[in-house]
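One-letter residues, chain by chain:
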Amino acid sequence: MTKHTKKSSRSSSGKSSIAQRVEQWLRIAGNSFSKARESIIPLLQAAQSEFGFLPNEVMEAIARFLRVPPAQIQGVASFYSQFRYEAPGKHRVTVCRGTACHVRGSGRVVDELTMWLGIKPQETSTDGLFTLETVACVGSCALAPLMVVDGKVHGRQTPATARKTMEKISMAESEANHGDKEDAV
Amino acid sequence: MNYDELRERSIRVWEQEEQHATIPLIIIGTATCGLASGADELLHILGDELTQAGVQADVRQVGCIGLCYAEPLVDVRIPGGARVCYGGVDVKKLRTIIEKHVKGGTPLAEYALGSIGPGQAPGVPSLWELSATKPQVRVVLRNCGIIDPDRLEHYVARGGYAGLVRALGMAPSAIIGEVKTSGLRGRGGAGFPTGLKWELCRSNAGDKRYVICNADEGDPGAFMDRSVLEGDPHAVLEGLCIAAYAIGASEGYIYCRAEYPLAIRRLRQAIEQAKEHRLIGEGILGSDFSFNVHIKEGAGAFVCGEETALIASIEGRRGMPRSRPPFPAAHGLFGRPTNINNVETLANVPAILREGAEWFANYGTEHSKGTKTFALAGKVMRTGLIEVPMGITLREVIFDVGGGIPDGKKFKAAQTGGPSGGCIPAEFLDLPIDYEQLARVGSIMGSGGLVILDESSCMVDLARYFINFTQNESCGKCIPCRLGTRQMLMILEDICAGRGTDDSIALLESLGDAVKKGSLCGLGQTAPNPALTTVRYFRDEYIEHVRDKVCRALSCKEYLRYEVIEDMCTACGVCRRECPSEAIIGAKDEIHRIDQSKCIRCGICFESCKFDSIRVSSGRYHKTSGGKKGRTVREKRAARKEVKP
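Chains A and B are the protein sequences, given in the same order. First residue of the first sequence? That's 11 in the working numbering, and the numbers climb one at a time after it. First residue of the second sequence? That's 266 in the working numbering, and the numbers climb one at a time after it.
It is possible that some hints are incorrect.
Here are the simulated lysine-lysine pairs, DSS-like style, with alpha carbons at most 25 Å apart [stated by the list, open to error]:
hint	chain 1	residue 1	chain 2	residue 2
1	A	K174	B	K893
2	B	K473	A	K45
3	A	K178	B	K357
Estimated spans, in silico, between C-beta atoms of each pair [said to hold, decoys possible]:
hint	chain 1	residue 1	chain 2	residue 2	range
4	A	D160	B	D767	44 to 50 Å
5	B	D672	A	E185	36 to 42 Å
6	A	S44	B	G741	25 to 31 Å
7	B	G424	A	P131	43 to 49 Å
8	A	R37	B	E541	50 to 56 Å
9	B	P591	A	K130	41 to 47 Å
10	A	V78	B	D767	49 to 55 Å
11	B	H559	A	P131	30 to 36 Å
Read the hints as simulated data drawn from the structure, not as lab findings. Beta carbons: idealized from backbone N, C-alpha and C, even for Gly.
Full structure from sequences and hints, please.
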């Protein structure tokens, strides 16, 4: 089992710069939304696809834009499982937990990934490389069990095939890292 | 361009491509299921492969034809020949198909699933005559896998928008009458008569009305709506437009779950195309009827499939259902009269208007007319998307269309209706599928998920799975649903983990009853169904779990014991290397052994063992791994002894 303990190499920007980026984004993106309550969810979705997650600054900016209390935005966002409040890992691993996947053993695929990655579903590894997620149903039940890695759908998974995919990514990452270091030297 | 011109041009284009083509046509299914099994890679290399083979061919991307078990699917039609459908195509197969069929002109009967006319393909049977397809009637899925969903001409050439044209020439009340006569009922689950629903909405006064297409297909195990949206988006759009005209709505929403990005992309494109040809928008087809459509992406909440929750979500609120009345037909989106129909319901509407109500009512049973699509999944040979006339029996669906249960195992139950439905045991295999019959046995039609379970599926575990889902998705408004599903889950977890008692089962039943009675919306009212039907039909299994601490399906971990069968161990070492908890002790030429104190019962040893050397057991139930014969350690030792003097 490989535990990812290395600290993230990506630089975390300061708080003010996130606020600036959010303001900048909303100045342009805001034009295509009406300033009505029904824009809350589409705005949150647009923000998440821009920033990868919803930092507090986004909620506050959207609240100012729509002239509603930030609590209202938080309230809506927290109801829906699509929204994330922490930066996702570089690679997103999603295991389908639909019925067809369940009866064909997706629970064991999740167990295996949990062990291998050292994180529970909906968590991100400490090195920021992997986020493990489960979803209710991807809708490709005929190919159950399903795993989606960075948008690519892998059908008919077993614990072993899922682990192999992880090993491949992890290997590619460490090679790339190694290359970076050599470049730096 | 008016409709007649569009239709004429479309038919010309279609006939040119279908009948008068001078170069071969290659068709690849690129719906989500095709992509999941590698269709994108095939598409990626296809151009180069064709160039290398030195042939010219057109390439068409289509939606899901429903034979998901055989994905990726590649079809070939050479000029004058029939379209031959090849299943399970990989790169190697693709090269052979290009060489022999596209270039050489001879269909490869050994790879072919079937052919689609017109034209001949020697040695290949018609695709629609196979046991998997023969009992099917395609109304909703008629275009899926046939046309390029990105092209309006293909849809129009096959009769698309003819229903809308006819509707626009009728009085709205006459359209409603026609839909009523057809007997169409809501395909989203509840089965409310569609015509009546439209009439109720129309009868409510208001300066503005809305129609909504519910494409928030949240039932795990269901993917019919996705396939229709991906494979034939215009059919849904046309149905929505007809509904809007009949009801008197000028604005419509399609609420589609965000997990279906391809469906959303196809819908957006279809709306643009329809606008361009004035099939939606201002002054549709020269009439004074105007109708605009917006797409709203869901944000991941199962409860938003419920009408009032869906409306709340479009309005930008938390998607919580409210008590009814007032029904959305009177007080819906933004307080206006609103009609909500499911994707499949709407996709039926153009056909009803085009072919007539009587034609539609020919299919089905007395109170359930037409056809129903099902997402056939789970432990069945031919998983995929099917459309069958109402009234067909479960047996026909599972054993004829689905090809039976794989690996020679026995059918145990069919789960219909997702987390709101129930498990139907083998004794009801001859039950005709319609709304009433399914309700009679404690399940529901639901949106059409049909998950087949075999003897290796534990019914207690399945109930736990569904209750876990619904308790996660409960919006929390009604206390019996919020707390009741949580308690039901804890009881089921206890039973699965060896902590159950006789009282657990009775408590589960009474709680389930309370949750059903004490919840406002469909989610809570149906959430206990999976638990209640499994207790009803599989009580033996529950009793085994609580009294004997045994799981006959060999599924509940706590009740399992993994062992090496000493006589059969070959000492190959695979299980030892694969075991994640280092519980397997052994070495070269030494019989392996599982340290029970370390075993986490993950089953990886069982799966990785190619030989029949690992046994998993629970009480008197057991099974053995692998099946391959190998030289066991004991045989090797015996052989060595013989050699020695």
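* Do A:V78 and B:D767 keep their Cβ atoms within the hinted range of 49 to 55 Å? -> This hint holds: roughly 53 Å between Cβ atoms.
* Evaluate the given range 43 to 49 Å for the C-beta pair formed by B:G424 and A:P131. => For B:G424 and A:P131 the Cβ distance comes to about 46 Å; the hint holds.
* Asked: A:K174 and B:K893: Cα distance at most 25 Å?
  -> 24 Å, holds
* Asked: Should the hint that B:H559 and A:P131 are 30 to 36 Å apart at their CB atoms be regarded as holding?
  -> Given about 33 Å between the Cβ atoms, the range holds.
* Satisfaction of the hinted span 44 to 50 Å by the C-beta atoms belonging to A:D160 and B:D767 -> 49 Å, holds
* Below or equal to 25 Å on CA atoms is what counts here, so check B:K473 against A:K45. => 21 Å, holds
* Is it true that A:R37 and B:E541 lie within 50 to 56 Å of each other by Cβ? -> This hint is violated: roughly 32 Å between Cβ atoms.
* Asked: A:K178 and B:K357: Cα distance at most 25 Å?
  -> 24 Å, holds
* To do: Take the C-beta atom of B:D672 and the C-beta atom of A:E185, compute their distance, and say whether it sits inside 36 to 42 Å.
  => Once the Cβ atoms are compared, 40 Å apart, the range 36 to 42 Å for A:E185 and B:D672 holds.
* Is 41 to 47 Å right for how far apart the beta carbons of B:P591 and A:K130 are? -> 43 Å, holds
* Range hint 25 to 31 Å (beta carbons of A:S44 and B:G741) holds or violated -> Given a distance of about 29 Å, which is inside 25 to 31 Å, the answer is holds.
Hint 8 alone, counting from the list given before, is not met by this structure.
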